[in-house]
Every structure is written in structure tokens, then in C-alpha cells.
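Chains as they are written, first to last, in the working numbering: chain B, 1 to 506; chain E, 1 to 552.
Quick caveat, the hints were computed from the structure, so don't treat them as lab data.
Worth double-checking, as some hints may not be accurate.
[Said to hold, decoys possible] Per label pair, the in silico range of CB-to-CB distance:
#	chain 1	residue 1	chain 2	residue 2	range
1	E	Ala531	B	Leu479	36 to 42 Å
2	B	Glu211	E	Asp116	56 to 62 Å
3	B	Trp325	E	Glu130	30 to 36 Å
Glycine included, each C-beta is placed from N, C-alpha and C at the ideal position.
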Amino acid sequence: MDSADIPIKNRLKQKVLSHLLVVDDMTAHGIISDKDWPPLIDCFNNKTLMKKIFKPLASLKLAVVVILSIGLLTAIGTFVEAKYDAYAAKKLVYDTVWMYGIMGFLAINLIAVMVDRLPWKRRHISFIFAHIGILMILAGSVLTMQYGLDGSMRVGIGEENNMVQVANTDLVVYSSFDGDRYSKVLEKEVDFFLQPPTEKNPLTIPAFEGEIKIVDYAKYVVPSRRVVASESTKTGAGLRFQVQNSNVNEVQWLVQRKPNQLAVQNFGPAQVYLGITPPKGSGANEIYLTPQGKDQLKYTVFHKDSEKPFKTGVVKEGGSFEPGWMGIQFRVLRYLPHAMEDWDLQPLEHPTPLTTSAVKVVFNGKEQWLLMNDMLKLFTDKGVYLLTYANRRIDIGFPLRLKEFTVDRYQGTTRAMAYKSQVAVPDFGETEISMNEPLKWKGLTFYQASFQEENGKPVASVFSVNQDPGRFLKYLGSLVMTLGIIFLFYFKRMDFLALKKKEQSK
Amino acid sequence: MTIMRRITLLILSLSFLSLGLQAEAKTGEAIRYLPIQDAGRIKPFDSFSRETLEVVYGKTKYEGRKAHEIILTWMLSPSAWQSRKIFEVRNFQVLEALNLSKDQRYFSSDELFGTDRFTLLRQELQSKRETKEKLNPYFQALQRLENQFFVFSEVASGRMLKLIPPVEGDGWISVADFNEAQQASFLELTKKFVALIGVVAQGANSADLDKAGSDLDTAVGQFREVAKANNVAAYSVDTHINTEVHYNDFHPFRWAYIVYLLASILLLLVWTLNKDQLMKPAWFLMILGFLIHTYGFGLRTYLMGRPPVTNMYETVVWVSWGTILFSVILEKIYKFRFILLAGSLVGLVCLIVADMAPVVLDPSLQPLEPVLRSNYWLTIHVMTITISYAAFFLAFGLGDLGLIYYLRGEEKNREKIRALVTAIYRSMQIGVMFLAPGIILGGIWADYSWGRFWGWDPKETWALIALLGYLAVLHARLGGLVKDFGMIACAIVTFSLVIMAWYGVNFVLGAGLHSYGFGAGGIEYVSGFVAVHLLFVIYVYVYRRGKVAKLS
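Whenever a hint applies, use it, and build me the whole structure from the sequences.
Encoded structure:
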């Protein structure tokens with residue numbers, strides 16, 4: 001109730017009364033303090049030192065400025081999110097000093113205004129509740145931010161997982177001398193989004209020979225794979241081939257991760273392998289290509305009805321042979337005795353579901369791109385370095401097994417209606433996780449977030465995994481704040497009735 | 001149509017209501033009640049036809065003919081429609097790409113799809129889709145065109161007319177896949193339909209019409225038996241079907257706004273000419289409109305089995321309902337009269353907009369996204385938040401009236417302005433009282449189903465910004481920083497934040513987790529609406545400053 005209410009109170013025909021109402025209402029809100037009210041002028045003289053300090057911080061103008069600043073800053077955040085994505089908005093707006101600063105000001109303002117109103121009266125109840133409620137919510141958020149866990153976990157159907165992936169990114173370097181056993185030599189949290197490395201200011205990792213330098217960061221790139229010849233003899237072979245008949249025309253790359261490690265391309269009814277040929281076929285249509293020296297490959301064709309080779313021979317780059325099924329011709333387009341994969345990157349202005357980020361690595365004078373959540377091998381004369389730039393994965397200490405995954409669809413359509421995961425957890429047993437029905441276990445909560453499909457069939461379920469130590473405080477704060485709002489209306493009514501009664505008794 | 005006739009019609013419709021929903025259909029229209037599976041639910045053929053015609057033509061009638069007749073003839077003789085202008089294309093860029101005139105809005109299938117250009121555009125759209133980037137208005141328009149083409153050809157081929165339930169499973173059988181007996185029965189139906197159309201075209205007398213009509217109804221009945229024989233349980237949907245056809249026919253929200261229009265006229269007379277004796281009939285009309293509005297809302301709730309607050313159209317209907325409710329309650333308490341006027345005007349505008357812009361505000365009944373399938377949360381979170389918009393909308397309407405008071409003379413209207421500011425203040429308080437808990441409830445739901453209480457998602461952020469805006473206004477008012485004019489200006493200016501939270505996030509930003517409510521279109525109108533009001537505030541401000549300067 002404020003001065004604008006006067007026309008209604010005209011029925012009471014009491015100018016004084018309405019004035020009292022206004023003052024009372026304002027004090028109830030903590031907007032004007034007792035000192036503004038002549039009868040309580042004594043308070044004015046008892047101002048404590050605390051109050052003197054807090055006075056300027058408790059001003060209403062500051063409150064309005066803080067509220068408007070939060071509004072403005074978060075509004076900018078939503079536009080950043082619309083232009084880029086939620087991660088960019090978080091990095092550029094919500095998780096910045098500006099945001100924390102304003103929130104800090106809000107907290108100071110709220111505390112100061114409460115100190116300023118000391119000693120509290122009964123009519124302050126709603127004001128105290130609402131403000132303390134907001135402070136509790138803020139405190140809860142700080143707890144969540146500091147100690148909470150918020151990540152995601154992908155579990156394939158029939159598989160299990162105990163690692164949660166979070167938004168933090170790490171750069172990890174492993175080294176190996178034999179190519180089999182790796183030891184971690186560096187693990188470092190990096191935030192390339194906000195502090196990208198540059199040519200002038202690279203991130204340097206010392207190595208036994210020379211140094212590994214990260215000299216560039218690309219935020220949004222669409223990668224496409226490319227295979228190039230490698231100078232190192234520790235890399236495997238690469239083969240570009242074509243499978244062709246009147247219906248089929250496929251061109252593919254096969255690259256071995258290490259020399260002699262089998263690489264496979266599966267075409268469904270037939271498989272093509274690059275690597276050592278086994279003595280017997282496995283009962284499928286298979287072609288094995290084994291590198292022989294620098295420029296030729298030995299090929300062996302198995303048919304599904306026999307263990308014995310159907311055909312063998314030697315083929316060179318540009319050469320071809322017929323494996324003897326469905327008139328198919330197999331042609332070797334390119335053969336590299338030592339090959340490695342690299343990426344062609346197409347930079348974009350905005351992120352799309354196809355973009356990822358990448359860093360440029362320089363080692364021994366050679367430049368290579370390393371994609372986010374991918375790895376890169378750097379070969380030296382003596383050994384090999386393995387470099388990863390990836391989201392941090394946290395072990396939750398127990399595995400979550402996805403036993404079954406079902407998608408209900410709206411009748412006669414492919415539109416998902418609901419999806420649920422049947423999961424098993426040690427010591428807990430089996431349960432179902434679905435939208436709006438999470439699993440709570442050992443302080444963690446598992447939510448059904450989404451699922452992955454391949455050829456129209458679900459292959460994996462994605463959970464959001466979360467631990468929130470600030471939850472209780474946030475809920476309590478919400479409750480206290482809501483109570484404050486309710487009290488506001490309740491006490492107003494009481495004040496009004498009391499005054500009316502007083503009026504009538506006169 | 002004259003107003004008198006509309007009132008008579010309204011009274012007739014209301015008496016029809018009292019007869020219940022199971023009223024007999026007109027002869028020849030049994031076909032409208034035929035169950036069909038489409039877009040994930042079973043609906044009457046009537047709804048299917050209206051929605052399909054809407055997609056292609058942008059309206060639910062074509063040259064005065066009802067949708068179900070049009071849709072059936074598409075299938076019976078697609079070639080006859082080749083040269084008819086039934087495809088609505090509004091995007092100039094698309095028209096340019098197709099080499100078509102920009103003066104027209106409707107085009108024939110020959111014009112649009114007869115050339116290679118359409119194929120090229122489809123490829124362009126497909127490659128754009130493969131990049132998974134957000135589609136801009138041009139590609140959205142292309143997508144609509146592709147959808148129009150798809151829908152028309154699917155109807156023409158009969159693949160979209162899924163009229164018979166399967167013996168097993170849940171995908172219904174389309175006309176294209178009928179077995180022989182089913183085909184025979186459907187053929188009979190179409191023959192009778194063609195006969196009826198012929199009779200209508202000849203302008204024959206009513207007896208012939210009746211005969212042809214009842215023949216068609218009999219054929220429909222026989223077809224229903226054939227369909228039912230396949231799967232009795234899946235075909236037992238009559239109550240819903242009848243209710244839905246009634247909902248389509250009665251069009252409750254249109255009646256509601258007609259009644260609100262009448263109420264607004266009376267209230268304007270009361271307001272401008274002080275015709276106090278009109279207050280009673282105005283109240284009567286407001287309540288009547290509100291009842292029809294509530295009835296329509298109830299029908300929709302029944303049909304969908306959930307509170308209808310999940311897309312823009314539904315929230316517009318719900319918000320206008322809330323505005324009327326709050327205005328009635330506040331009017332009852334304060335008896336200022338203009339509260340009811342503001343409420344009826346806001347309700348009127350909302351419902352007219354909802355009814356006039358079906359392409360932007362989709363009125364069809366759509367199944368829900370998985371995450372929204374929780375009636376409990378949907379009710380308490382979405383309804384609380386959107387009802388707060390209703391209170392702010394009322395404050396906005398009151399703000400407009402307040403500006404008019406200032407133009408009509410600040411001095412002589414001082415009392416009224418003060419009363420008006422009281423009403424604005426109350427509306428804002430009601431709004432805050434719903435919005436703050438609504439946001440918290442949203443946080444709790446998000447915590448419960450996504451695992452975080454607050455994630456700076458654009459929708460929740462803008463709801464918070466709107467709340468902060470109104471909190472700033474209320475605090476500034478209590479602190480004496482904002483006077484009467486300031487309150488009136490704030491009621492209008494701050495509502496822009498609500499428009500951003502309500503419409504802007506879904507239609508302008510189009511980002512975030514609340515992606516189930518996204519849409520396109522209408523940006524120019526909405527921003528125009530906001531701009532006009534902001535200019536109005538500035539104009540009155542300048543006007544008032546000028547006056548004050550003159551006085552001093």
C-alpha cells in the first residue's frame with residue numbers, strides 16, 4: 001500500500017491514517033528506517049559504527065542499480081547464447097568476474113540493508129525473510145560452484161561406465177619408448193576458450209628432444225579427415241581403395257595405428273583388412289592386404305564358404321583385382337607404407353552440432369592439428385609422445401551398467417514420446433531411469449538426458465550426472481524467500497485491520 | 001454479419017451447449033467424424049483436414065468450401081488441383097528464387113513444382129540441413145514450402161490418410177495400403193461423396209441434397225464398421241472425436257472474443273461518456289465471455305489430457321484468461337471501472353491475435369515433447385509463470401489507459417490517475433507473487449529432471465530479468481524514486497521484458513533447453529507493437545514536460 005492507495009482509503013476519510021499506512025508500509029519493506037519516523041527519533045542518536053559503515057551500501061538506489069545491472073548482464077548472456085552456444089555464454093558472461101562482482105554487490109547490499117534496520121521489529125519479518133532467503137540461495141550457488149559436480153555420462157547398451165565427463169579441459173602428455181607402455185609426463189588444466197595460445201604466446205611443453213608447442217586455437221571448426229605420408233617409420237601403413245560394381249562405388253581410407261596392427265573397413269557383407277593375413281578365413285567374405293615393401297601389397301581373398309584363401313596376388317598403386325563376388329572390382333588408389341591421419345579444418349563463425357575445437361601443435365618443425373577429445377602421436381627418434389586435449393573425466397567409484405534402453409514413440413510416427421534406461425549399479429541393484437525420474441545413489445544423481453541413435457535404432461543412453469552440495473541451502477532459501485513474500489501480504493492485512501479497528505474505536 | 005445476428009447465433013450455440021456434446025451432426029457430415037491417425041494421435045477427419053489445409057493454404061477453408069471436402073478431392077483427383085492456386089508462399093526471397101511474382105500470395109503446384117528450380121532449392125535446403133546450422137527465415141520458408149509439397153503429395157497419394165487401425169501394432173493403415181474389402185468400402189464412400197459434391201454443384205433442391213447426404217453418411221457408417229472390425233479397441237475413440245469436432249465447430253475462443261468485444265464497447269462508453277447504467281450489461285458480458293473462454297480451455301484440457309500451456313498459441317489463450325480473471329477480481333474489490341476495461345481490451349487483443357495468426361500461433365492439438373510429459377510440473381510451473389504474465393499484461397493495459405488520462409488533462413484526472421496507479425501497483429504485485437514462485441518451481445523442476453537448479457538457460461534467465469525489472473519498479477516506487485507517471489510508464493516499458501521472456505526467447509533468440517516451444521514469424525508485428533507503445537510513452541512524457549514548462 002502506498003500513496004497511490006489513497007483514493008480507496010477515502011472511504012475511511014482519514015488523511016492521517018493513509019499517511020500512517022504509507023510510512024508503515026515503507027518501514028515494513030525496510031525502505032525507510034525507523035529514523036525517518038519522528039516518534040522513533042531516538043534510534044537516530046544510537047547509530048552504531050556498523051550502521052555508519054553500512055549506510056551507503058544499504059541505499060535503495062544501489063539496490064535498484066544492482067538489480068538493473070544483473071538484468072542487463074544476463075540479458076547480454078542470452079544473446080551470446082543465441083549467437084554462439086551455452087558454453088560461450090557461460091565463459092563470456094555468467095562465469096566472469098563481472099557476474100560474480102555484481103552478485104557480491106547484491107549480497108553486500110542485502111546484508112547492509114538488514115544491518116541498517118537493526119533493531120528489527122515485528123513488521124520487519126517479511127523483509128528479513130525475503131532478503132535472507134535470497135542470501136541463502138546465493139550461498140547455495142557458491143557451494144554448488146565450488147564443490148559440485150555437473151557432467152555427463154554415455155553408456156552403450158549392454159555396456160558399463162564409471163567415468164563422468166565434465167566441462168573442464170585438460171592437456172595431457174604421455175610418453176613411450178616402445179610404443180606399447182605409456183607413462184603420463186604432464187597433466188595440465190587449460191582454458192583455451194578464454195586464453196587461446198598464439199604464435200607469439202604459445203604453450204610450451206618441454207620434451208626429451210626439443211619441445212612441443214601449442215601455437216593456435218580454433219573455436220569452431222568442421223573437421224574432415226585426411227591421410228598424409230609420414231616420415232617416421234613408427235607409423236603404420238595407409239591405403240586408399242575403391243570397391244566398385246554396377247551398384248556400388250565406395251572409396252575409403254584404411255590406416256593402421258601402428259605398423260602391423262590390423263585396420264578394418266566393414267561393408268556389411270564383406271570386410272577389407274589392412275595388415276597381416278591370417279592362415280585361415282573366419283567364414284566371411286574378406287580381403288586382406290598386407291604391405292610388402294615400399295610400393296606393393298599382397299592381397300588374399302577369403303570367401304565365406306571356405307577357410308582356405310580363394311585368391312592371392314600382389315597389387316600396386318593404381319592396380320586392381322577381382323575378389324570374385326558380385327562382379328566387384330577392387331582398386332588400390334593410393335598406398336603409403338607410412339601414413340598418419342591429419343585433419344582438414346573448415347573454420348566457422350558460429351558453433352553447430354558438427355563443429356568442434358582444435359589446437360595447432362608444433363613439434364620438430366612440423367605443424368599438426370589436434371581435435372578436442374582426440375589424440376595425437378608425435379614421433380621422435382627414440383620414442384613417441386601421445387598428446388590429448390580433452391574434457392576431464394572423473395571416476396565416480398562405481399560402474400553404471402545399461403541393461404536395456406527403450407524409446408516409446410507417438411503412435412504411427414518416429415517422434416519420441418518417452419525414453420527410459422534400465423540400469424544396474426553394484427550394491428543398489430536394478431532400477432529404471434527416465435525423464436523426470438532420476439536415480440539417486442551415493443550422493444550422485446543420474447538423470448536421463450538424451451540418447452544416441454544409429455540407423456534409427458538407439459545405441460547408447462546419455463545421462464547427466466550431478467552432485468550438488470548447495471541443493472539444501474538453495475531449497476531452504478527459496479522456502480524462506482517465499483515465506484517472506486507471503487508474510488508481506490499477511491502482515492499488511494493485519495496492519496490494515498489494526499488501524500481500521502483503532503479508527504473505529506475513536 | 002450484424003452484431004444482432006451474432007448474438008442470436010451465440011445464444012443458439014449456448015443452448016446447443018446445454019444439450020451436451022453428443023448432438024447429431026448435419027446430414028452429409030458424418031465423414032468429418034471419421035477417426036484418422038495423424039501426427040502421433042487419433043483425430044477426427046475434420047481436424048485433420050483443417051490442419052492439412054492450413055499447412056498448404058494457410059486457411060481452414062478454400063473458396064468457402066469446408067476443409068474436409070477439399071482434402072478428399074485432393075486425393076480423388078489430384079490432377080484437377082495442379083493449376084489451382086492453393087499453395088501459400090509469403091517469403092519474397094523464396095519467390096525470387098523460384099522466379100515468381102511477389103504480388104501474389106497463392107501459387108499453383110504447376111508454378112511452384114513444375115520447374116527444376118524447386119528441386120535445386122530442395123537440394124540447397126538439404127545441404128543447409130546437413131551443416132546442422134540454425135535455419136534463417138529464408139530456409140525456414142523453404143522448409144515450409146517443402147512441407148507443403150510433401151503434405152499435398154502424401155494426401156494425393158492416399159498415404160497420409162491412415163483411416164483403419166491395424167490388427168496389431170500402432171501404425172494405422174493408409175488408403176494406399178488397404179486390402180480389397182477395405183478398398184471396396186472406401187470406394188463406395190468416395191462415390192457417394194462425389195455424388196454429394198455433384199448435387200451441391202448443380203444447386204439441386206434440399207430433398208436431393210438430403211438424399212445424397214444421408215447416402216454418404218450410410219457409406220461412412222459402413223466404412224466405420226469395416227475399420228472397426230480390424231481392431232475394436234483401437235477404434236473406440238468416439239467420445240474424444242465428437243468432442244473435438246464440437247470444439248472445431250463451436251470455436252469457443254472466437255465467441256469469447258466477440259463477447260469481450262461487446263463488453264469492451266460498453267465499457268468504453270462507460271469510460272468516456274460516464275454511462276454508468278451500462279456497467280451491469282458490461283459485467284454480464286464479461287462473465288459470459290469468461291465462461292465461454294473457460295469452457296474452451298476445459299475442452300482443450302480434456303482433449304489433450306493435460307493443461308494446454310505448451311505452445312505459444314495455448315499460452316496466449318491462457319494468459320488472456322488470467323488477465324480477465326485478475327481484472328474481474330480487482331474490479332470487484334476497487335470498483336474503478338477502468339480495470340475491467342483494461343482487462344477486456346487485453347483479453348480481446350490476445351484472443352484475436354491467437355485466432356488470426358495460425359501460421360505463427362499454431363492452434364492445432366499437438367503431442368508433447370518427452371521432457372514436458374509431467375502434468376504435475378507442467379501445471380504448477382508453466383501455469384504459475386504464465387499467469388504472472390497475465391497480471392503484468394493487465395498492468396500494461398492499465399498503463400495505456402493511464403497515458404490517455406495524461407493526454408486528456410493531468411490536473412482534472414488526478415484522482416483517477418492515482419486510482420489507476422493503485423491498480424497498476426496491485427497488478428504488478430500479483431504478477432510478482434506468481435512469477436517469483438513460478439521461477440523457483442521451474443528451478444525445482446529443472447533440478448529434478450535435468451539435475452541443476454539454475455543453468456542460465458535463456459528462458460529462465462529472461463523470466464528472471466522480467467522479475468528483476470518488476471522488483472526494481474516496486475522497490476523504486478516504495479522508495480519514492482518513481483512517481484505516478486513513472487509507474488504508468490513502467491507498467492508499459494517493463495512489459496517489454498515479459499514479451500521478451502514469453503515470445504522473444506522462443507521466436508527471436510531460439511536458443512536453449514526450452515526448445516520445444518520454438519517457432520518463427522511475427523517478429524515484425526511484435527516488435528512493432530512494443531515500439532509503438534514505447535513511442536507512445538515517450539510522446540506523453542514529452543507532451544507532459546512541455547505542459548509543465550509552460551506552467552512554470
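Evaluation of the provided hints:
1. Take alanine 531 (chain E) and leucine 479 (chain B): their Cβ atoms lie about 41 Å apart, and the range 36 to 42 Å holds.
2. At about 58 Å, the beta-carbon gap between glutamate 211 (chain B) and aspartate 116 (chain E) stays in the expected band of 56 to 62 Å.
3. Tryptophan 325 (chain B) and glutamate 130 (chain E) have their C-beta atoms about 32 Å apart, which keeps the hinted 30 to 36 Å range intact.
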